[in-house]
Structures are given as C-alpha cells and as structure tokens.
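J.: Sequence:
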Amino acid sequence: MGLMDLKAEVLQYQRTQTTATRKGYSDEARVRMSAKMKARWADPEYKETVSQRILQGAQRTANRELCSVKKKELWADEQYRSQMNQQRAERFADPAYREWWSRRVRATWSDPVKRANILARQRARMDQWYADHGMDADVMKGIPYNIRRQIYKQLGVNSGFVSRSADEREAMVRKIKALFANPHFLAKAKVRRRSPSAGTRRKKEDEEKERQEAYWSRVYGAIIYEAQQKEANGHGVGVVYADLLSVNEAGAGARDSARGGAAGEGKGEPLVVRYQPKPRR
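The opening residue of the sequence shown carries number 146 in my numbering; numbering runs sequentially from there.
Hints were generated in silico from the structure; no laboratory data involved. One thing to keep in mind: the hints can contain errors.
Said to hold, decoys possible - Here are the simulated DSSO-like cross-link-like pairs (lysine-lysine), alpha carbons at most 30 Å apart as the crow flies:
#: 1; residue 1: LYS322; residue 2: LYS216
#: 2; residue 1: LYS215; residue 2: LYS322
#: 3; residue 1: LYS192; residue 2: LYS181
Unchecked claim - Label-pair restraints from in silico Cβ distances:
#: 4; residue 1: VAL214; residue 2: ALA180; range: 43 to 49 Å
#: 5; residue 1: THR345; residue 2: ARG209; range: 42 to 48 Å
#: 6; residue 1: ALA326; residue 2: VAL258; range: 38 to 44 Å
#: 7; residue 1: ALA221; residue 2: THR345; range: 43 to 49 Å
These numbers were taken from a predicted model, which means no experiment stands behind them. Glycine residues also receive a C-beta, built at the ideal position from the N, C-alpha and C atoms.
Required output: the full structure, derived from the provided sequences and hints.
T.: Printed below as a string of structure tokens:
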C-alpha cells in the first residue's frame with residue numbers, strides 16, 4: 146500500500162468515525178459501518194478511484210498557486226498592465242456592463258458566505274504583506290477599522306497594489322514604514338477605542354434633550370392650563386401649588402426644592418405663575 150492510499154484510508158476512516166459520532170449511532174451500528182468501509186476499501190478499483198480524486202484535488206491546488214504566480218508576473222509587466230487597464234476602461238465605458246457589474250458586486254457582498262470568504266482572504270493577504278515587509282501586524286490590527294480603511298485607501302495596498310509599477314509600490318512601502326516609525330502614530334494605534342463614537346454620543350444627547358424638552362413642556366402646559374382656569378374664575382393671577390412629584394421622575398429632592406422646603410417641613414411657598422390675560426373687547 147502506497148503512502149497516498151494509506152492517507153486516503155485514514156482520512157476516510159476519520160470521516161466515518163466523525164459522522165457516526167455526530168449522528169449518535171450505537172456501538173453496533175458503528176461496528177457495521179466500520180466493517181462496511183473495510184470491505185469497500187478492500188476493493189482495488191475503489192482505492193484507485195479515491196486516490197485519483199485526491200491527486201486531482203492536489204493538482205487543482207497546485208494549478209491555482211501556479212496561476213497566482215503567473216498572474217503576478219504578468220501584471221509586473223508594464224505593457225501587459227497598460228493593455229489590461231485599457232481593456233477595463235473600455236468595458237466600463239458601456240453603461241450595460243457597469244450595471245451588470247454593480248449587480249454582481251451587490252449579489253456577492255450580500256451573500257454572507259462569500260462575504261466572509263472575501264474578508265478572510267483580504268486579512269490573510271494583508272498579514273502576509275506585513276510579514277514580507279517586516280511590519281508588526283498586531284499593531285495594525287489594533288488600529289480602529291475606520292482609520293485602517295483610510296490608510297488602505299490612501300496607500301492603495303488593499304486594491305490594485307500588484308497592478309502598480311515598482312516605483313509606486315516602493316513609495317507605498319516607504320509611506321507605511323514612515324507611519325510605523327512615528328511614535329505618535331504607534332501610541333494611537335495601540336489604544337483601542339472603547340468609548341462610543343462622537344456621532345453616537347451626539348445622537349444620544351439629542352434624544353435625551355428632546356425627551357427633557359417634551360417632559361417639561363407637559364409640566365409647564367399643565368401649570369399654565371390650571372392658571373388659565375383660575376383666571377377664568379375671576380382671579381387675575383393664578384396661584385398654583387405644583388406638586389412635581391407626580392410628574393417629575395427625579396424624586397423628592399425636586400419636589401422639595403420646588404416647594405421651598407425640605408421633606409416634612411410643610412408645603413413651603415406656593416409656585417406663582419403670573420399669567421397675563423388677553424384684553425377683553
């Protein structure tokens with residue numbers, strides 16, 4: 146038995162055991178499944194088929210790696226890069242192509258599986274890029290995402306880096322190394338932002354302000370309404386005892402301060418609302 150056959154048999158046995166364990170089969174069922182798999186692997190034709198599948202998978206992986214290397218070599222050529230960019234510009238000049246491309250991009254990013262795979266490949270590519278240039282990937286990961294995205298956009302690292310000329314790539318490398326050589330940048334990068342953003346903070350403050358304004362508007366409206374009722378009964382000035390405990394969530398402190406005394410010291414001075422009635426015609 147060759148090494149490839151042994152590897153395939155071990156993988157298939159592990160897969161069988163995992164499936165049997167996950168599905169909760171009994172011991173007798175697992176024994177029957179094991180005997181069935183052993184009988185299947187005793188067939189030379191079956192082993193040859195599985196071995197060919199494993200070899201084909203390995204060949205596909207090697208082909209992908211070879212294509213990646215070949216693609217990088219092609220894009221390093223100035224003439225090839227110029228030709229491809231020209232073809233891309235001609236394609237995007239067509240509105241129908243732009244619409245089709247937009248639909249394709251939206252469909253790709255709306256799929257959670259494809260989105261996760263794309264982000265994982267981007268992270269792996271960036272980690273490898275940091276390692277190739279002797280940079281600390283952990284420091285860059287500590288930078289808030291919005292700052293990191295601006296750096297990527299400014300330097301062109303995350304998109305089209307390979308398609309640029311050698312001089313442009315060297316200039317980008319110098320820029321990023323200058324960032325990492327700046328102590329102020331490193332000090333900011335190592336501190337993760339824990340507090341909410343300014344926009345979120347302002348939004349909460351505005352909501353609280355609107356809630357307070359609506360609350361006190363109801364309070365003053367009730368007081369003025371009662372003063373109007375008293376004025377309608379012949380009083381020029383409405384005298385209202387405002388028990389804010391019924392409308393104020395702050396508790397007894399606000400009630401006592403409004404009454405002019407502490408708790409248990411009586412009502413204090415009444416709250417006078419001076420209401421100027423409209424002149425009668």
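J.: Each of the hints needs a verdict: does it hold here or not?
T.: Hint by hint, here is what the structure shows:
Of the supplied pair hints, the one linking LYS322 and LYS216 holds, its CA atoms being roughly 27 Å apart against a limit of 30 Å. Using a Cα cut-off of 30 Å, the hinted pair LYS215 and LYS322 holds, with the two alpha carbons roughly 28 Å apart. Straight-line distance between C-alpha atoms of LYS192 and LYS181 comes to about 14 Å, which keeps the hinted pair within the 30 Å bound. At about 46 Å, the CB distance of VAL214 to ALA180 agrees with the hint of 43 to 49 Å.
In this structure, THR345 and ARG209 meet the distance hint of 42 to 48 Å, their C-beta atoms being roughly 43 Å apart. A hinted range of 38 to 44 Å for the beta carbons of ALA326 and VAL258 is consistent with their spacing of about 40 Å. The hinted range of 43 to 49 Å is satisfied by ALA221 and THR345, whose Cβ atoms lie roughly 45 Å apart.
The structure fails none of the hints (numbered hints given earlier).
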